[in-house]
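Peer 1: Kindly produce the complete structure, drawing on both the sequences and the hints.
There are 2 protein chains.
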Amino acid sequence: MIRDDIRQPTREGVLDAADKIAAILPPTPLLPVTIDGVRCWAKAEVLQPVGAFKVRGAWNRLSALTEAERARGVVAVSSGNHAQGVAGAAKRLGIPAAIVMPRNAPQVKLEATRALGAEVVLYDRPGEDRDEVAAKLVEQRGAVLVHAFGDPWVIEGQGSAGIEAEGQLGRTPSRFIACCGGGGLAAGLALACPEAAIHVVEPQGWDMVGQSLAAGEIISVGASPPATICDALQPDATKPVNLSVLQGRAEPGVVVTDEEVRAAQRFAFAKLRLVVEPGGAAALAAALAGKVPLDESTVIMLTGGNTDAASFAAMLTAP
Amino acid sequence: MIRDDIRQPTREGVLDAADKIAAILPPTPLLPVTIDGVRCWAKAEVLQPVGAFKVRGAWNRLSALTEAERARGVVAVSSGNHAQGVAGAAKRLGIPAAIVMPRNAPQVKLEATRALGAEVVLYDRPGEDRDEVAAKLVEQRGAVLVHAFGDPWVIEGQGSAGIEAEGQLGRTPSRFIACCGGGGLAAGLALACPEAAIHVVEPQGWDMVGQSLAAGEIISVGASPPATICDALQPDATKPVNLSVLQGRAEPGVVVTDEEVRAAQRFAFAKLRLVVEPGGAAALAAALAGKVPLDESTVIMLTGGNTDAASFAAMLTAP
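Protein chains in written order, with the working numbering: chain A, 3 to 321; chain B, 3 to 321.
Worth flagging that the hints you see were computed from the coordinates, not collected in a lab. For glycine and all other residues, C-beta sits at the position ideal for the given N, C-alpha and C. Where hints are given, some of them may not hold.
Below, in silico cross-link-like pairs of lysine-lysine (DSSO-like), each with a Cα-Cα straight-line distance of 30 Å or less [what the hints assert, rightly or not]:
1. K93/A to K22/A
2. K273/A to K93/B
3. K273/B to K273/A
4. K22/B to K273/A
5. K273/B to K22/A
Residues from chain A that keep clear of chain B, each with C-beta distances beyond 10 Å, as calculated [said to hold, decoys possible]:
6. R13
7. D18
8. I37
9. A66
10. N106
11. Y125
12. D126
13. D131
14. E134
15. E141
16. E197
17. I220
18. I221
19. D260
20. V294
Peer 2: If you want it as structure tokens, here you go:
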């Protein structure tokens, strides 16, 4: 049975989160984008103040903490975007935040997290267990762990993007195409718009949500997964709370290659004038590669834009 | 006397244009941006469908043409953004459009103009008189010349950006900082928000509006102006209709260097996740260089984002 002992997220929770987020953040634009002659829509979450949709879930979780919990602080594990989301929400609410980040995370993400006032605790990606590092901090401080995707408040917060998109489109989207790490955004969108198809897009070799959907149980990444440029989409496995929402609800998973991702980043640069990081361009990559059906009510999530100048320049000039 | 025999643009004309433009284009986002600790606002005109604010003036001019004028078509002279604005509006209205463009315009702008269905007529930047090329086409075809800035409908159309920003801010902006070529946008903003200060920002050596404001008469660029990376901000001189609006209304002109412009492009990349072309980043460059006073009601115009991948990559990695 795909369940754990935490609260199940609900559509009411998503609607409540959407209200809370609308009170502090303007909606991100829903931009028309024509692909293969079909005019669909791109939700530009790269324009969030921290450059990624993650601020939604973080704000929804942190603003729901009790006074006592706020005083003891929060801990998060993240390669960068959830880090900035939590750090930004914590700063605004005056909550101490410690973020466990891989030592090889993009420098721009490490610096931005520190600049938001959070304490950054580094771990070595292959050698250490980041969850153990976080668990130790949680125990020492009595802090609340804010999981990047396996948390009902976080899922409901991410779902607010779906409520926003529906309002901007003036109708229920036919489908959401979502970049997928652990499945927090995809689960939130599934709850937000019960009639929309949900397509999860993952990097080649890291399609743990797609594989778990197919198997009906949680599949973890193997011991030696391939390299991917999508640093934001590399969780070891999804969580029961995510799979329980997505099971029977999401379409079969879609996988994209690094080359397809780079092509999507170049498309966003030239046609939308947006800076999109590799992991944030996965959904667009699937759309451009013809791997998902498109129509005029399709919403493509552009989830993050935190990338350093050198990698972006190299991507732009790659042959 | 700084007047010519064309109709003077008015605030009522700007309000009318704002209504017409709101009917076809969603507002571009007004994004918070913190500079030297001051939270001001960036109007992201790079997110217009053609990647620049020019679609505003073009739409306002072309949609005001009579049926007979539409049938004979329009002619425009442009290094690229006005070209795309006119081509885009003409396509939507089914009007034939011929655009006179310099042979050395950015390739991306030439291709985009052709892709919108316009006829592109090339001239050699130093050798030929582009206005003569255009005048010949106008005469041959009985077409209407849509001037890039010296036209009351175009000025009123550009001013719609100011009405939009005022609505988004919920109050009158204290000041607009505007990238300035011939002064179409600056004049439109001056009419849109009569209480806002207007700062025109021009590239070093091409500050023809600033010089004309100081002299009280139109000053043309010299025979050998310096090179600038701001290809969108290189008119030979402003026009009487622009200077008559700005005279006594705009602040003294501000000049920015290529290096300041590149720094602004990098700032927009990293902090706003936006692709901004050199000429579109001039106003931000002035703000970042401390050349204009800033407060929480300041609106910085990011006017265009049409740049090719190779130049953008080179800018990102410049030492």
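Peer 1: Work down the list of hints and note, for each, if the structure agrees.
Peer 2: Hint by hint, here is what the structure shows:
Taking the CA atoms of K93/A and K22/A, the gap is about 17 Å. The hint holds against a cut of 30 Å. The straight-line distance between the Cα atoms of K273/A and K93/B is roughly 18 Å, inside the 30 Å bound, and the hint therefore holds. For the hint pairing K273/B with K273/A, the CA-to-CA distance comes to about 20 Å; that is within 30 Å, so the pair holds. Note on K22/B and K273/A: the hinted pairing holds, with a Cα-Cα distance of about 24 Å set against a maximum of 30 Å.
Annotation: proposed proximity of K273/B to K22/A holds, straight-line Cα distance about 24 Å (limit 30 Å). Consistency note on R13/A: stated as away from chain B, and its beta-carbon is indeed over 10 Å from all of that chain's, at 27 Å minimum. Non-interface call for D18/A relative to chain B: holds, since the shortest CB-CB distance, roughly 25 Å, exceeds 10 Å. Look at I37/A: its CB is around 15 Å from the nearest CB on chain B, clear of 10 Å, so calling it non-interface holds up.
Its beta-carbon lying about 25 Å from the closest one in chain B, A66/A satisfies the requirement of being farther than 10 Å from that chain. A cut-off of 10 Å between C-beta atoms confirms that N106/A is not in contact with chain B; the least separation is 20 Å. Residue-level check passed: Y125/A sits 25 Å from the nearest beta carbon of chain B, beyond 10 Å. Against chain B, the non-interface label of D126/A holds: every CB pair exceeds 10 Å, the least being about 27 Å.
The Cβ of D131/A lies farther than 10 Å from every Cβ of chain B, with a closest approach of about 32 Å, so its non-interface assignment holds. Taking the minimum C-beta to C-beta distance to chain B, about 33 Å, the non-interface status of E134/A holds against the 10 Å cut. The beta carbon of E141/A is kept farther than 10 Å from every beta carbon of chain B, the shortest such distance being approximately 36 Å. Annotated as non-interface, E197/A keeps its C-beta farther than 10 Å from every C-beta of chain B; the closest such distance is 24 Å.
The beta carbon of I220/A sits about 33 Å from the closest Cβ of chain B, which is more than 10 Å, so the claim that it is off the interface holds. Taking the minimum C-beta to C-beta distance to chain B, about 33 Å, the non-interface status of I221/A holds against the 10 Å cut. Every Cβ of chain B is farther than 10 Å from the Cβ of D260/A; the closest lies at roughly 18 Å, confirming the non-interface assignment. Every Cβ of chain B is farther than 10 Å from the Cβ of V294/A; the closest lies at roughly 23 Å, confirming the non-interface assignment.
Going down the numbered hints, you'll see the structure goes against none, and every one checks out.
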